[in-house]
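Trainee: Chain A is already provided as a structure; the job is to place chain B on it using the hints.
Protein sequence lines, in the order shown, are assigned to chains A and B.
All letters in the first sequence, in the order written, are residues 3 to 121 by my numbering.
All letters in the second sequence, in the order written, are residues 533 to 639 by my numbering.
Think of the hints as simulated: they come from the structure by calculation, not from any bench.
Be aware that a few hints might be false.
Claimed, not checked - Straight line, CA to CA, 35 Å or less: simulated DSBU-like cross-link-like pairs of lysine-lysine:
#1 K635/B - K113/A
#2 K571/B - K78/A
#3 K67/A - K574/B
#4 K113/A - K574/B
#5 K635/B - K577/B
#6 K639/B - K113/A
#7 K639/B - K574/B
#8 K67/A - K639/B
#9 K639/B - K78/A
#10 K635/B - K15/A
#11 K639/B - K571/B
#12 K15/A - K78/A
#13 K639/B - K577/B
#14 K577/B - K67/A
#15 K635/B - K571/B
#16 K574/B - K15/A
#17 K635/B - K574/B
#18 K15/A - K67/A
#19 K67/A - K78/A
#20 K639/B - K15/A
#21 K571/B - K67/A
#22 K113/A - K571/B
#23 K15/A - K571/B
#24 K15/A - K577/B
#25 K67/A - K113/A
#26 K635/B - K78/A
#27 K15/A - K113/A
#28 K113/A - K78/A
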Amino acid sequence: QVQLVESGGGLVKPGGPLRLSCAASGFTFSDYYMTWIRQAPGAGLEWVSYISGSGSTMAYADSVKGRFTISRDNAKNSLYLQMNSLRAEDTAVYYCARMTIYYFYMDVWGKGTTVTVSS
Amino acid sequence: DIQMTQSPSSLAASVGDRVTITCRASQSISGYLNWYQQKPGKAPKLLIYAASRLQSGVPSTFSGSGSGTDFTLTISSLQAEDFATYYCQQSFNTPYTFGQGTKVEIK
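Extracted from the complex, chain A is given alone in its bound form (with noise of 0.2 Å):
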């Protein structure tokens, strides 16, 4: 069936680097964009960044750009979201989803992993 699992989140601290990955499988990975979305602990939803079917096109949200990057490995149907820098106001659960070319919603999302920015 179709799924995403996000790995590799935990505690940093501030100023520190961490990478997510996002592990999918049922479907054809490179037909899909893929995107980042965080929630702080309490709050709302907050896109954080998306990349394109073949990695040539990425966005990211003021509040995370020049500081993490998203890339992806195809051949690995694998995602990833490098954070650098990191601030206590990245502290958030991170969920990759899919998202479709069509309208640009996010039909399939993971069960999200959770980053803590603290000394």
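Mentor: Just chain B now, kept in the frame of chain A:
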């Protein structure tokens, strides 16, 4: 950035009630409006895309309408499993933005 404003922020309803949640965009987004349901500790789930199209597997008690700046999610007969938080999201342009959420609670 396009701001998305949902109302109400929360509501209390009973099983069988008709529930309506509204979402307003700060500028026209045509039909690029999606609705998600989120239960505590779980990932969001897509309910409605392109303003009015029901995602496969979602009960027909859910429906969406609207275009431009004003949109509505309607649950025609609230079921026990529908108690959750609902988010609208615009996919007209980046940054994709979500409404603040509407929590539907048991009356």
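Trainee: Now tell me, hint by hint, if it's right for this structure.
Mentor: Structure-based check of each hint:
| no. | hint | verdict |
| --- | --- | --- |
| 1 | K635/B - K113/A | holds (20 Å) |
| 2 | K571/B - K78/A | holds (31 Å) |
| 3 | K67/A - K574/B | holds (27 Å) |
| 4 | K113/A - K574/B | holds (7 Å) |
| 5 | K635/B - K577/B | holds (15 Å) |
| 6 | K639/B - K113/A | holds (29 Å) |
| 7 | K639/B - K574/B | holds (22 Å) |
| 8 | K67/A - K639/B | violated (43 Å) |
| 9 | K639/B - K78/A | violated (48 Å) |
| 10 | K635/B - K15/A | holds (33 Å) |
| 11 | K639/B - K571/B | holds (17 Å) |
| 12 | K15/A - K78/A | holds (30 Å) |
| 13 | K639/B - K577/B | holds (23 Å) |
| 14 | K577/B - K67/A | holds (27 Å) |
| 15 | K635/B - K571/B | holds (10 Å) |
| 16 | K574/B - K15/A | holds (26 Å) |
| 17 | K635/B - K574/B | holds (14 Å) |
| 18 | K15/A - K67/A | holds (19 Å) |
| 19 | K67/A - K78/A | holds (26 Å) |
| 20 | K639/B - K15/A | violated (43 Å) |
| 21 | K571/B - K67/A | holds (30 Å) |
| 22 | K113/A - K571/B | holds (12 Å) |
| 23 | K15/A - K571/B | holds (30 Å) |
| 24 | K15/A - K577/B | holds (32 Å) |
| 25 | K67/A - K113/A | holds (24 Å) |
| 26 | K635/B - K78/A | violated (38 Å) |
| 27 | K15/A - K113/A | holds (24 Å) |
| 28 | K113/A - K78/A | holds (20 Å) |
Hints 8, 9, 20, 26, counting from the list given before, are not met by this structure.
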